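J.: Here is how the chains run, residue by residue.
Protein chains: 2
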Amino acid sequence: MTRDITFAVLGTGGIGRRTLEVSQYKDGITPVAACDRNGIAVDRDGLDVDELLDATEGNIASEEAYEVGDGVESAGDATGSDGGPLTDGGEVAADADGGVKQHGAGAGVVASAQAEPTRSPIQDVIDEAVAAGIDAVLLALPNLEHDFVPNTAERFADAGYDGVLVDVLKRSRVIGTLDEREETFADAGMTFVCGAGATPGFLTGAAALAAQSFVEVESVDIWWGVGLKSGYEDNRGTVREDIAHLDGYDVETAREMSEAEIEALVDEHDGRFEFHDMEHADDVLLERAGVCDAADVSVGGVLDVRSDEKPVTTTVEVTGRTFDGETATNTFELGDDTSMEANVNGPALGYVRRGVAMNRDGRTGVFGPAELMPGF
Amino acid sequence: MTRDITFAVLGTGGIGRRTLEVSQYKDGITPVAACDRNGIAVDRDGLDVDELLDATEGNIASEEAYEVGDGVESAGDATGSDGGPLTDGGEVAADADGGVKQHGAGAGVVASAQAEPTRSPIQDVIDEAVAAGIDAVLLALPNLEHDFVPNTAERFADAGYDGVLVDVLKRSRVIGTLDEREETFADAGMTFVCGAGATPGFLTGAAALAAQSFVEVESVDIWWGVGLKSGYEDNRGTVREDIAHLDGYDVETAREMSEAEIEALVDEHDGRFEFHDMEHADDVLLERAGVCDAADVSVGGVLDVRSDEKPVTTTVEVTGRTFDGETATNTFELGDDTSMEANVNGPALGYVRRGVAMNRDGRTGVFGPAELMPGF
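Residue numbers (the working numbering), protein chains in the order written: chain A, 2 to 377; chain B, 2 to 377.
Check the hints yourself; a few may be wrong.
In this list, chains with the same sequence are indistinguishable; a pair is considered to hold if it fits within one copy or across any two.
[Claimed, not checked] Straight-line Cα separation of at most 16 Å, EDC-like style, residue types lysine to aspartate or glutamate; simulated pairs:
(1) K27 <-> D55
(2) K230 <-> E117
(3) K27 <-> E155
(4) K27 <-> E183
(5) K27 <-> D44
(6) K230 <-> D180
(7) K27 <-> E217
(8) K230 <-> D338
(9) K230 <-> D49
(10) K27 <-> D294
(11) K230 <-> E253
(12) K230 <-> E264
(13) K27 <-> E260
(14) K230 <-> D55
These are calculated hints, taken from the structure and not from any lab test.
What you are looking at is a predicted structure, and each value in this text was computed from that prediction instead of being measured.
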């Protein structure tokens, strides 16, 4: 009854690759395009995900590759912070060997037999999304430049794309930047689901649902644990984004840190970082949905890059007042054996499905995860 | 930006009345009609809920009134099991004093200054819903006759109602009966959200969301606790429905029990009933949403009608396998101080909002709560 969904992945770092992998377990949702900084793979009948993952696994993880940039998961490059042509001309420049098919370590997606090198991977995905009518595009990009995802989304709108964009952004301030473009997205017929990873995303949705017992929500406390030993190489962009939340660091300083500086910081902390009062968009996304004030939401957690065990159990606590005058706390808790990747990519695809259903009904604009839950 | 929502309540027993009460705490959702067996209250500008509740509170709770039937919360009457004209002619007959305004104990909704007596309360609500374009109607009716809610919904469709119906039904088998009518509902332009109370409803949605970590769900275990001392009189219909789940009882035997027999059973159990493997529609609703097989869902719980403390903590456990091969359990837990009423009526209104948003987008048909979550 439900039509199948096609989707593309913009960015084949940890999140992008794992989303492709998870989609293999799902019915009726088919990846048809994927790109990184240097290449794009397209197959309208569905990518051969195994081949793509096998060919690219581990080939973007070298320190040098991270610094000079191969994969879009490299924050320093993909976000255009290198002053390259991305933010000017709207294209990602290929630093090295552009146009020449690469293989082996550092090659990125072009190591796949399905991929072709390109100097304009984002534009190529946009063109393909429009030409093939791809239902949804997952923006699996780091976002240390706050307007990178909004600007990229605007390029989709300008090109006449009328499908769904889903991103896994984290920072509260990005939502405002998206909101400024809501009319552009709506005019194009696009449905943008923002902040659709784990937190914000999965846990934001859980908070919105947990709030249903209450007529007034007093606080939402999100406390996450991530053990990222085996996923470390794959998720350096995410780790860099997290470092920007530490006391004494911000987006700019984190972006400018060399890989060696990050490793030194990891050593200094014995691989374990604790975060409090993070600027995660759960706050504004819950406020948008009318659940509570952004100020009542707190996000923190513990990241351990030297263990795959979660250092703490990921928990969402929603405290509120019921119509009959009681105060209580509803709790959502993730099993410790669910990895960060599982908790980002399952929900991301879940929100893709919901976004596509809305888009097919003509519901366009910008939506956070909490707005896709039962209304508060 | 979002247009206000108007809604009607069919049935002003515990669930109906408490939903009216909870709606007072919500923005942009206005009750405009409510009925029980003997009367209907309508105000297109919004009912005076305080007056309605004050006038009707406690006036339907006498044992005699329950047995011979005043309020639609009385299962023996509202479902037409008394062999009265409901199932034949489609109307609820007023047994006593029909057409004469009643006041005081036993009068039901007509004790309110806003209400008028009627011999056809359901048809009157249908007519008003069509005439006034009421956005949503909450069917807060007991449903011991499994086709009562589906048949009532069909009457809305036949009358040309093109809005949203939301019910709080419990039994799995009712979903099939609704599905058989899906085309009728869709043709009329109706959006039917079924099983939108606590369980199924709130907890079904929580299970669907909790499943997002997994690529395969192995089991969903719902275990609820309800302390219903002060809410007992208000929720006799619900208690009777629960008794039908006990070993040795079924829908028919529970329906035919006299009030005295129920009290004797309550005494025998010291007010506390434990339920296992209940036929709650969470199973088929999760299967509809593709989350798991109905057979993998179990629902049970403990009801204590002599305490307002929950005898056990209400918990949803979703166990599954992640894409990276781990098995884990995600847990959703309701605070012990959230009453059954809070956990039914908040979600019911939440699903009303979601249903209205879908209906306004032209999404018609039959949907369970899990289908309103991020797709699995």
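J.: For every hint, state whether the structure bears it out.
T.: Verification of the hints:
Taking the closest pair of Cα atoms, K27 and D55 never come within 16 Å of each other, the shortest separation being 20 Å inside a single copy and 52 Å across copies. Proximity of K230 and E117 under a CA criterion of 16 Å is satisfied in neither setting, with 32 Å inside one chain copy and 69 Å between copies. Proximity of K27 to E155 under the C-alpha cut-off of 16 Å is found in neither arrangement, the shortest distances being 29 Å within a copy and 35 Å between copies. Taking the shortest alpha-carbon separations for K27 and E183, neither the intra-copy value of 30 Å nor the inter-copy value of 26 Å comes in at or below 16 Å.
With identical chains, the CA atoms of K27 and D44 are never at most 16 Å apart, being 18 Å at best within one copy and 48 Å at best between copies. Taking the closest pair of Cα atoms, K230 and D180 never come within 16 Å of each other, the shortest separation being 36 Å inside a single copy and 48 Å across copies. Proximity of K27 and E217 under a CA criterion of 16 Å is satisfied inter-copy only: 9 Å between copies versus 37 Å inside one chain copy. Taking the shortest alpha-carbon separations for K230 and D338, only the intra-copy value of 13 Å comes in at or below 16 Å, while the best inter-copy value is 40 Å.
When the C-alpha separation of K230 and D49 is checked against a cutoff of 16 Å, the pair qualifies neither within a copy, at 28 Å, nor between copies, at 60 Å. When the C-alpha separation of K27 and D294 is checked against a cutoff of 16 Å, the pair qualifies only between copies, where the shortest distance is 15 Å, while the shortest distance within a copy is 36 Å. Taking identical chains as interchangeable, the C-alpha atoms of K230 and E253 are never at most 16 Å apart, the minima being 25 Å within one chain and 58 Å between chains. Only within a single protomer do K230 and E264 lie at most 16 Å apart by alpha-carbon distance; the minimum there is 13 Å, versus 60 Å between protomers.
In the homo-oligomer, the alpha carbons of K27 and E260 never lie at most 16 Å apart, since the shortest distance is 36 Å inside one protomer and 50 Å across protomers. Taking identical chains as interchangeable, the C-alpha atoms of K230 and D55 are never at most 16 Å apart, the minima being 20 Å within one chain and 61 Å between chains.
Figure legend: structure checked against the earlier numbered hints; hints not met, in rising order: 1, 2, 3, 4, 5, 6, 9, 11, 13, 14.
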